[in-house]
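Given only the sequences and the hints, what does the whole structure look like? Please build it.
Start counting the sequence shown at 1; every next residue gets the next number (full-length UniProt numbering).
Calculated from the structure, these hints are not laboratory results.
Cβ pair distances, simulated, as ranges:
| no. | residue 1 | residue 2 | range |
| --- | --- | --- | --- |
| 1 | Asp243 | Tyr25 | 12 to 22 Å |
| 2 | Gln172 | Asn8 | 19 to 29 Å |
| 3 | Val6 | Ala68 | 37 to 47 Å |
| 4 | Glu138 | Glu33 | 33 to 43 Å |
| 5 | Pro109 | Arg9 | 39 to 49 Å |
| 6 | Ala90 | Glu137 | 28 to 38 Å |
| 7 | Glu22 | Thr257 | 18 to 28 Å |
| 8 | Gly185 | Pro19 | 34 to 44 Å |
| 9 | Glu87 | Thr257 | 27 to 37 Å |
A quick note: this is a predicted structure, and the numbers were derived from the prediction, not measured.
We put the CB at the ideal spot given by N, CA and C, even for glycine.
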Amino acid sequence: MQKPRVWNRTQIAEIYHQPLLELVYQAAQIHREFHKPSEVQVCTLQSIKTGGCAEDCGYCSQSVHHQASVERQKLLDVDKVLALAKEAKAGGSTRFCMGAAGREVRDDPDFERILEMVKGVSGMGLEVCCTLGMLEEEQAKKLKSAGLYAYNHNLDTGEKYYSKVTSTRSYQERLDTIDSVGKAGISLCCGGILGMGETVEDRIDLLYTLSSLSPAPESVPVNALVPIEGTPMADMGRVDIWDLVRMIATARICIPTAMVRLSAGRESLSDLEQAFCFMAGANSIFSGDKLLTTPGAGREEDLRVFTLLGLRPRQPYLGEKM
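Now the structure itself:
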């Protein structure tokens, strides 16, 4: 299949709307061309600061605008985070992702503490990722110097639908942070969420934006909304498995070099449903009992699924760093 450097929306729509089995077959071919098909990246997502966020993202339990029952937690101590990272590595994770609730990075003692966390986790031989909200280029450079491998900043959905998800920041602000990450030489982790009331056209719009980013995202998390009581999206239904498979397969074809991460919502998938996602090109997961404030599948359960499907964990730093 011809893989243009930048896909247009029409091409992406044609890929997305193919008969499902043809789409999965093409995605599997691309997957084998760019990746080892039996290898899956195992990541841990750890909340280092929980709750109290000034943003009003409709899916998130950590917003001060919502009524979700989340216990607020100040920024963890460095030693505590390093102990959690050590535990994650012992459990098989090769990437440790640290998430801090909040609108943006500020030049304050908390940021200095996060830099110490990054240095310590990087020193363990783990890929270090952070998701800290919006940040400027100079802040990104400090994170890079501390040893940060990747920065997560999801676009969540297509630009036209974004105002239905949050009103406290703009899509352009998201893109500006992504630009700062790239200028600092940090790998980008950027994806979205299905099941927030968006249309298929919105999903294609998201894929178009992701595939047009330069440099391309190093990893693309594909999340299925986990409805949380007390948030505006609490009553959204379960994401259809075939919608999830289509999104993963199209992302694999349009962003072939990326790690496509089967993220939030995976804990509710059956073995068969997870197998379809891996067949469609997913090659990264979050492992553990918790993903920030939502439940995870658990390491023992992940190991069982890996054994069942003949998958094995990917080692860190196999790709070239930017």
